[in-house]
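Undergrad: Given chain S, put chains Z, R, H, W, Y, P and E in place with the hints provided.
Chains S, Z, R, H, W, Y, P and E are the protein sequences, given in the same order.
The opening position of the first sequence corresponds to residue 1 in this note's numbering, with each subsequent residue numbered one higher.
The opening position of the second sequence corresponds to residue 1 in this note's numbering, with each subsequent residue numbered one higher.
The opening position of the third sequence corresponds to residue 1 in this note's numbering, with each subsequent residue numbered one higher.
The opening position of the fourth sequence corresponds to residue 1 in this note's numbering, with each subsequent residue numbered one higher.
The opening position of the fifth sequence corresponds to residue 1 in this note's numbering, with each subsequent residue numbered one higher.
The opening position of the sixth sequence corresponds to residue 1 in this note's numbering, with each subsequent residue numbered one higher.
The opening position of the seventh sequence corresponds to residue 1 in this note's numbering, with each subsequent residue numbered one higher.
The opening position of the eighth sequence corresponds to residue 1 in this note's numbering, with each subsequent residue numbered one higher.
Honestly, I wouldn't trust all of these hints.
Said to hold, decoys possible - Partner residues are not named here, just some residues of chain R that face chain E (Cβ under 10 Å, in silico):
hint, residue
1, Gly66
2, Gly154
3, Leu219
Please keep in mind that the hints were generated in silico from the structure rather than gathered at the bench.
No residue lacks a Cβ here, since even glycine has one placed at the ideal position from N, Cα and C.
8 protein chains.
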Amino acid sequence: MEQQQLLKVLQDVANQTLTPAAAVGKLGNDGFEELDYAKIDTTRAQRTGYPEVIYGSGKSAQQIIGIVKAMKERQKSILATRVDSQKADVVTQALPFLKYDATSQTLTSQDKESVKIGNIAIVTAGTSDIKVAEEAAITAEIFGNQVTRIYDVGVAGIHRLFAKLELIRQANVVIVIAGMEGALTSVVGGLVDHPVIAVPTSIGYGSNLGGMTPLLTMLNSCSSGISVVNIDNGFGAAYNASMINRLISKEHI
Amino acid sequence: MEQQQLLKVLQDVANQTLTPAAAVGKLGNDGFEELDYAKIDTTRAQRTGYPEVIYGSGKSAQQIIGIVKAMKERQKSILATRVDSQKADVVTQALPFLKYDATSQTLTSQDKESVKIGNIAIVTAGTSDIKVAEEAAITAEIFGNQVTRIYDVGVAGIHRLFAKLELIRQANVVIVIAGMEGALTSVVGGLVDHPVIAVPTSIGYGSNLGGMTPLLTMLNSCSSGISVVNIDNGFGAAYNASMINRLISKEHI
Amino acid sequence: MEQQQLLKVLQDVANQTLTPAAAVGKLGNDGFEELDYAKIDTTRAQRTGYPEVIYGSGKSAQQIIGIVKAMKERQKSILATRVDSQKADVVTQALPFLKYDATSQTLTSQDKESVKIGNIAIVTAGTSDIKVAEEAAITAEIFGNQVTRIYDVGVAGIHRLFAKLELIRQANVVIVIAGMEGALTSVVGGLVDHPVIAVPTSIGYGSNLGGMTPLLTMLNSCSSGISVVNIDNGFGAAYNASMINRLISKEHI
Amino acid sequence: MEQQQLLKVLQDVANQTLTPAAAVGKLGNDGFEELDYAKIDTTRAQRTGYPEVIYGSGKSAQQIIGIVKAMKERQKSILATRVDSQKADVVTQALPFLKYDATSQTLTSQDKESVKIGNIAIVTAGTSDIKVAEEAAITAEIFGNQVTRIYDVGVAGIHRLFAKLELIRQANVVIVIAGMEGALTSVVGGLVDHPVIAVPTSIGYGSNLGGMTPLLTMLNSCSSGISVVNIDNGFGAAYNASMINRLISKEHI
Amino acid sequence: MEQQQLLKVLQDVANQTLTPAAAVGKLGNDGFEELDYAKIDTTRAQRTGYPEVIYGSGKSAQQIIGIVKAMKERQKSILATRVDSQKADVVTQALPFLKYDATSQTLTSQDKESVKIGNIAIVTAGTSDIKVAEEAAITAEIFGNQVTRIYDVGVAGIHRLFAKLELIRQANVVIVIAGMEGALTSVVGGLVDHPVIAVPTSIGYGSNLGGMTPLLTMLNSCSSGISVVNIDNGFGAAYNASMINRLISKEHI
Amino acid sequence: MEQQQLLKVLQDVANQTLTPAAAVGKLGNDGFEELDYAKIDTTRAQRTGYPEVIYGSGKSAQQIIGIVKAMKERQKSILATRVDSQKADVVTQALPFLKYDATSQTLTSQDKESVKIGNIAIVTAGTSDIKVAEEAAITAEIFGNQVTRIYDVGVAGIHRLFAKLELIRQANVVIVIAGMEGALTSVVGGLVDHPVIAVPTSIGYGSNLGGMTPLLTMLNSCSSGISVVNIDNGFGAAYNASMINRLISKEHI
Amino acid sequence: MEQQQLLKVLQDVANQTLTPAAAVGKLGNDGFEELDYAKIDTTRAQRTGYPEVIYGSGKSAQQIIGIVKAMKERQKSILATRVDSQKADVVTQALPFLKYDATSQTLTSQDKESVKIGNIAIVTAGTSDIKVAEEAAITAEIFGNQVTRIYDVGVAGIHRLFAKLELIRQANVVIVIAGMEGALTSVVGGLVDHPVIAVPTSIGYGSNLGGMTPLLTMLNSCSSGISVVNIDNGFGAAYNASMINRLISKEHI
Amino acid sequence: MEQQQLLKVLQDVANQTLTPAAAVGKLGNDGFEELDYAKIDTTRAQRTGYPEVIYGSGKSAQQIIGIVKAMKERQKSILATRVDSQKADVVTQALPFLKYDATSQTLTSQDKESVKIGNIAIVTAGTSDIKVAEEAAITAEIFGNQVTRIYDVGVAGIHRLFAKLELIRQANVVIVIAGMEGALTSVVGGLVDHPVIAVPTSIGYGSNLGGMTPLLTMLNSCSSGISVVNIDNGFGAAYNASMINRLISKEHI
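Excised from the complex, chain S in its bound form (with noise of 0.2 Å):
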């Protein structure tokens, strides 16, 4: 908060047009809910635009319930990722409303009145990126953009993707998903006139480091325009492109 505006509430605390309770509020707010063994956000989406997302590798089915319920009170939809398919069914059980999409390994529940916007196509090199694809994909529904999906045209069959490319073209952001070496990126990034979110795969064998290939081929792009999240992170890819898809399209609403 700047000096001026922090001036400004507390002269109107001493004009009493402000209540210092009142005050608390514009002033400072613990802003999450405590549980056992999370601190939950509950000022994100008023800081960033989007609510809390569950991260849930590395959390227990009880801990998701526990945070979800929380959530529940406070925001329509809900998103967990990185959820596999045993602790998805004890979740799924005790929270009958969250749907589980095995490929994209998330839990969703998804606000009935809220409509899709804007246009973000995601990209896939091969077959096997389509579990990354579709983390991203649902991620970018959830969150209220349209999206177009358009799997399997790495560059070993370029023509796939020329046949492909007005449809990318389109697009408000372009999600591109790639393993192996990952091309696939620097080809579409010279092709199009929108913004492009590579998302590095774990998909290879030997030299590929378990992604570091083409997270660095991406990084060393000899095309604009493309900026790279972690590999695997569909979701990280999808909240941005979301982020930039909205802001494009809300304009036209």
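TA: Frame of chain S; chains Z, R, H, W, Y, P and E shown alone:
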């Protein structure tokens, strides 16, 4: 080109409503100018929204002069990055319309009539990151974006960041530039509701590994909404940010 | 397509010597068959001389079955690599014309009429490298090459190599497969006058780093005439060797 | 032993004011108990202020039982770290005075009379880091330190940290435990005036590289006053913190 | 700020016992001085116990002069590290009260009245590590600590270490500085009952990897009580050691 | 030598149809000329099809002169690579029949009567890769191959590649040379039916890691038919390509 | 074979003092026995002083049985390393003369008449390194060396090492085996006047990097007289030590 | 010192058969001479069989002069390694009895009366490795060993190695020095029955990684009997070889 469109063009030719020569323009076109040492991409602006930029590193002063001359015939703004001061002296003597900035190591010729729109915030952790920040700032300006510079607000003195937070929040896109451990990115990412583009710098020593440490930090950020470009790649960050800022802003114009 | 050729096609259309529909065939063509989870590249043989091959890792048995069925309509030989025995059981029950080889983890259906030509020598340093060698051997055979297998002639007992040297020298191309430190490649490279394709394997432990050590060894060989493929990539080596062997041999037929 | 002191002892022996046998006690002493598979260091507490601790990983349940029995004769508190639940079952059946904690994977026997002094704050970025934090907390407690636990205050929601800042500032030493990118360390380091010991955790994926990323982050921190221990080394951090806390606190007792 | 405290301040303002202007001082304050190229952190001593220090690398002589001048108004001691001799000449001509030490590459201005307390031992393995050791020693002295220097006692001649062991054991904190393989740290760690701060140096060649080898050695030490700072970071070690030494020692004063 | 052949030679000696001296020529022969600092391999052409080449890096001008003189007696073409311009000046003054090319840093003496056969395409992604490309081109020419140079057709402007595709497809072998992320290799590999030899270059910055990034990209290519040589190893690529091109082409002569 | 000797043999054949068949024995000899999956090196003992040893990892129980049977005909002692207990069960049922040791994972059959000579000291830092130490010890014993085992004397309690120092100094060769940071090697290296062979182990976690850290430590030791083998390579260390010990000792017999 | 021995000494003192002063000599002794910047280890020869050697890198000419002077009083032979020619000029002017060798960068003063015994073979792969080989050769000679130099016999022309094999086999120890991929080591290791000490060199480029590639090659050798020292560490290899050669040879004298 989709088969539908292709058939359409060909039927027009068959129907004599399109001459073969005109069809060539629609169906294909070399799209580059051939110098001895380079093929200048003349359709890049058409494809990606931005004209080609000269990456000065590894090119001689004479090669830069030749490429600038060829470009100048087609585009109003010129940008060359990574030009050291020795090369810059030679180039600016031959082409006095170019302006050299020693901090960012850029040569520019700005289109006088261009209007700067929107708002890109460029935030650095330290004083030593300014070199990369200015490459980003000048790139963003030459591409027609308004830029807000906020330098030296690293987390060792985090109150400096909070004092500038409102300024940062007003931007359409935020570029965060940091060396050493790059922690500033995660803090900013957790506080803003617009996309953050992170640029690791090679500032640091020992286990900084020439910028690999902040690069890895940024890719693994616990905050969402962050995507990353290569180490010291101020240009790349600005290119991305410009795409996003202009797509958001053009609705307002 | 060069502008010359493009103009020619279009003039033929204008001259009515070519129908628009036929021109589509010349100018473009999707060139792939779209399944839910894959786009099968139907023009690969035309472009690269070899039909598409199924990389089994990360695909389900059902996906492999679907892809084989689609391919079977267009090509006589089928090759799927990296298929573990569990998947193989499911696939061969559905498609009994496929033959499974457990050592190389390949599924194949060989064109009965194909003739094997030329000579590719496949040389391994140790017994443990045979798994990769057989992936190479079966790939080479399915692509119509004669194969000479020379296994376990590593440099710890270099006289074993010399005893087989004449056999190796008779081949058009030599594939050298080695794990641990991969020194065999350099020794072979210094003794033959045909191209050597080196395959590092992940055989070893400790500072072998999953095959990175023999990979680096092979790339830095003091002998000339050696090029390298990815760790454990028997298929890739055979693909290359086949290209070379067949180009050399076809003059003799 | 300095020559001065040595000479003194020897003169005492020469002067018959010290028996040779007593001099052995002064000049040397094996200082360990020899088991078949281990040499238990019986003078460690004397040398370093703390008795030996059992690192359970790679030891069998029977070996742990044997070592605990040997130690029990000389020291009141017992601590074994990295003991999985299967081994723990066997050990606690044989030695029921030991208490097993499944989160931290520790076996302990606390000296009833020990008094906990001072204050060590243990701060984690996320819920998944609690496992490492509890190893640190239980180690610190067994060594006689008071512990303040502050969990899940990572920088993605930095207001959670600020809400707990006064609590953290009251500690003599702060242990910061974080995975992913580890940025929390730098933020805390910039806000407190006591030493910070940083523990990177292996929580994360992709380019996290098993905790190497937060390790590098912490080593390169732009904040001062931070030192670092190995990945997931909660024990090591607590050992260090205990040394510092007890040295500061003992003046108050 | 906790809500309790915030409410208290606001109620004081409402009760007119605190003016709005005075409340600003309590609730917020920019806390930095803005230069063109830097934001000098004026509340660092208050927050962390130590004033800001100038990291000279990557700053021009003019920038260093500007920052020193701004600092000089608020603090008695000045420390700039990593200043090469060329820059130092320019700076000391402009600011003759600064003293340059070529071994440690530091510029200092010591508060005359400061008293040095406690005892920090600085131990090096070799002669070549002295450069880093002196950066640590001078930092520790400027921060008001007594320093005991013990150089060149590496484990290749371990009796040199034992001859100095009593001297080392008398210190409140021990800084161990070593390049090559860094084994000295573990030996010292097993022999003292005070905290050891380890500094790897970039002294070595080949697989030393610029200091990464001793860094890894120190992080994996089998001795307890060791924490580690970045390669060649004598300043960071001294900063940590000073915090610990002064907290221990202040009770004695 | 197989035992069969050995027995044959020995029986010829026993039968007096071969003199012992002549048998030496068949059974063994030192096969090198000994200088003070080198053993020149005089039977390499016989064994591998190509005479020895001088790797200039790390050799003095005088050593290069000595080796060239020794070679000149036996072979018509001379090639020395990695000779900087300073050394080249000394060498060409002593041996004026050698020609120096500054771009490729090669010294050559071409056999006048040699005929260039076949066709090797050398393709680069950028202008900065030309240095490596020319090392490849000159090597290929000195070994008697026709070379087609196609420079600066990287995937950022992929239409430049398509415009040259027919030219590339006419070659017997294709050398693809690329720095940065090296994606061009995969695109070319998917479009040609001849072997592709990939050369990563050290062109790039930051996470390019001195060429390791394009090296890894090329090894992990999703296209088949690609093999890889060391970073910047234009010579090695040409040597391989020459072997293949000449084996294919010699049937036509 | 030197030309002198070759000429001599051939002249003997010419002179009829040697039959061609006998000459084959002198000039060449396949020197291996060919199984389906291996070429057993039958002249290794002659060339290197030691018969071939079976590296069990990656070989099936049946392959091990086959190789042992083939070896048994020619040599008295058999050693197979890296044989897990499951394979060992199968092998020892088929070949009951083999003895399995579970700690070292070796199968052995010792020549009853062999005499153990000299003295190899095997020293470990910890209890967990004993597995590797026993592979070394059993290898050394099967090769006819006396072994002195000194386990768990790591530098965290360095007095344990000093208590055993005289014992270590009596050996002809010292093998030092250590995981974690591997500092023990340098300490021993500085205290003995016989060669030290260092074996890093994969004992450790986090930044131990599977044994790469102690490997690097040992290679960079400040003590002289140390050479290093691969991670966990107890066999290799014993092989080296045996060569040295037997060469020294044989003079005494 | 074992307790037995300690008790014995002390009883002698008690019995007046040993004076306290004489006992100091037996029980302890500083064992080093203290300069300002170094502690010269005066008992190293006694402990390890060899006097201290000066590692010149990172020491000034004046420091080297000081250390040589101090050493000269106690030992006949002097060896300083890694001394560049500039420093050497200063040192040899002050101490004209020292001899400088520019290839190996050593300063030596050989004891005239020393006799060279045994036989160490030093084998290099290439001409560029000679620099490291000469450091090894001169070290071995100063330590009293006979040396056989065999240079430039790398595996690209393996017949050069075979021509020298008998010479190599006559040595007690073999040092193999190789850069690039280091394959020579494995070949030699498979052909000799004496210990092989491998020295990787930093000769190479690209993925050679400053010698890390041959280092890894040598550590992973499929041949037994090889141990490895640090990159370019000719001194270390010779020190090891000398220990072994002298232990073997001294029986013959």
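Undergrad: For this structure, which hints from the list above don't hold up?
TA: 1
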